[in-house]
Each structure stands twice: as structure tokens, then as C-alpha cells.
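Undergrad: Sequence:
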Amino acid sequence: MHFLTVPGLASSGPQHWQTIWEKQYPDRFSRVQQQNWDWPIKEDWVNQLQTQINNLTGPTVLIGHSLGCITIAHWAHQFASEYIKGALLVAPADAEMSKRLNFVVGFTPIPIKPFDFKSVVVASTNDMYATIGRSKGFAANWGSDFINVGRKGHINAVSGLEDWEEGKEILESLSGVKLAE
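All residue numbers for the sequence shown refer to the working numbering, where the first residue is 1226 and numbers rise by one.
The hints are simulated quantities; they were obtained by calculation from the structure and are not laboratory data.
Note that the structure is a prediction, hence the values are computed from the model and not measured.
Here a beta-carbon is modelled for each residue, glycine too, at the ideal position from N, C-alpha and C.
Errors might be hidden in some of the hints.
[Stated by the list, open to error] Once the Cα atoms are required to be at most 25 Å apart in a straight line, the calculated SDA-like pairs of lysine to any residue come out as:
#, residue 1, residue 2
1, K1393, H1227
2, K1361, F1304
3, K1267, G1358
4, K1267, G1238
5, K1343, G1368
6, K1343, V1383
7, K1248, E1397
8, K1267, A1365
9, K1393, I1266
10, K1267, G1331
11, K1267, T1356
12, K1361, R1376
13, K1310, M1353
14, K1267, R1376
15, K1361, H1299
16, K1361, E1397
17, K1403, R1256
18, K1361, E1391
19, K1338, L1234
20, K1267, L1234
21, K1343, L1399
22, K1393, E1321
23, K1343, Q1277
24, K1403, G1283
25, K1403, A1382
26, K1403, H1227
[Stated by the list, open to error] Pairwise CB distance ranges, derived in the manner of DEER restraints:
#, residue 1, residue 2, range
27, L1404, D1263, 18 to 24 Å
28, P1339, L1281, 17 to 23 Å
29, G1283, M1322, 20 to 26 Å
30, V1383, P1284, 28 to 34 Å
31, Q1258, P1284, 19 to 25 Å
32, Q1240, F1304, 30 to 36 Å
33, E1387, D1252, 19 to 25 Å
34, E1394, P1251, 17 to 23 Å
35, D1388, D1341, 29 to 35 Å
36, K1338, G1385, 32 to 38 Å
The task is simple: from the sequences and hints, build the whole structure.
TA: Next up, the structure:
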């Protein structure tokens, strides 16, 4: 099983759990690379995700964070791949409620079509970029399981999660793969 991380705005820095996991398991993890991490345009981000998915050669789980989750939702609305077996969607950013709409060109409206693969939305009760209710609504719309992890902010490097063992357990449950093996 391969894992493809899909970071959000500004990508995921060295202290972010996505980056830590990529470094721990370089043979299993790769990252979607965007042309411009600081000025996301939906068509560009979705097309770059599709380009990398087109290059897959085996079963893959997508691991989105923040605007990366919304990128995955737009991708799933437009495309499909036999290789995508699931998606872990952590702290989806509510682009529709963003005060920085000019930073999220084209990401609204957020698709409400159920995904063609298993997925889990993981959200925090004190995320500044989406209320817990909106995150639960995204999960319902996308046909995803929903996990409330309590007060963990935006579930990013600022949250101090480092290796984020709880997230690994959720990913292992979703994928059916033990990362340490």
C-alpha cells in the first residue's frame, strides 16, 4: 500500500505530522507537489493531484490536511482511479467560510458528492478553519466516517502533535496496513 500526502495552504513544514510520516516511511509515502503552495488555485491543485494519481502503479490511500482535503473532494468530484483505496481527511478547511476567499480561488462551493472509496474525516473541536459541525457535515456529504479528536486546534505542527500516533492508528485502521511492518 502506498500513501500520498496532500498538504494544504503553505504545504506542511518539517514539524508537521505529514512530513514526519514521509520521513519515517520514505518507501511508502510521497507528497503531491504544487507549483504554488501560497496562492492555491483549485484547477491547478486538482490537476496536479490527478497527474500524480495517473502515475500510480498500485493501491494508494490519500492523506489530506486542511485545503488538501478540499482538493481531494474536488478531485473525487471530477476524476476516479482504480488505485485510490481510501482517504484520510484531517482538519478539512471550510473554504466557504474563509475570511481569505481570495486565497482559495475556485475551491467553493465544496463538493457534496459521496466518494467512490472509503474515507475518514478527522476533526478538532477548536479548529479555527472549520467548526466541528461543518467537519461532521463534510463527512456526511462525502460518505466518510467521522472522528472527533477533541481540542487539537488545526491538527497541524502548531498543535504540537509531532509524530501523531493517534493519526497513525486511524490511518492503519482505514488502510488495513500496519505502518511499522
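Undergrad: For the range 20 to 26 Å, tell me whether the beta carbons of G1283 and M1322 fit it or not.
TA: violated (37 Å)
Undergrad: When you check the alpha-carbon spacing of K1267 and G1358, does it fall within 25 Å?
TA: holds (24 Å)
Undergrad: Holds or violated: K1361 and E1391, Cα atoms, limit 25 Å.
TA: Holds, at roughly 19 Å.
Undergrad: With a cut-off of 25 Å on the C-alpha distance, tell me whether K1403 and R1256 pass.
TA: holds (20 Å)
Undergrad: Compare the distance between the alpha carbons of K1343 and L1399 with 25 Å, and conclude whether the hinted pair is satisfied.
TA: holds (8 Å)
Undergrad: Just tell me: holds or violated, for the beta carbon distance of E1387 and D1252 against 19 to 25 Å?
TA: holds (21 Å)
Undergrad: For the pair Q1258 and P1284, does the Cβ-Cβ distance stay inside 19 to 25 Å?
TA: holds (21 Å)
Undergrad: For a C-alpha distance cap of 25 Å, please report whether K1361 and E1397 respect it.
TA: holds (21 Å)
Undergrad: With the threshold set at 25 Å, check whether the alpha-carbon distance from K1361 to H1299 stays at or below it.
TA: holds (18 Å)
Undergrad: Against the 25 Å threshold, does the CA-CA distance of K1403 and A1382 hold or violate the hint?
TA: Given that 25 Å is the threshold and the Cα spacing comes to 23 Å, the pair holds.
Undergrad: Just to be careful, I want the Cα atoms of K1267 and L1234 compared with a cutoff of 25 Å; is the pair within it?
TA: holds (12 Å)
Undergrad: Tell me if the straight-line CA distance from K1338 to L1234 falls inside 25 Å.
TA: holds (23 Å)
In summary, the numbered hints that this structure violates are 6, 9, 13, 14, 22, 27, 29.
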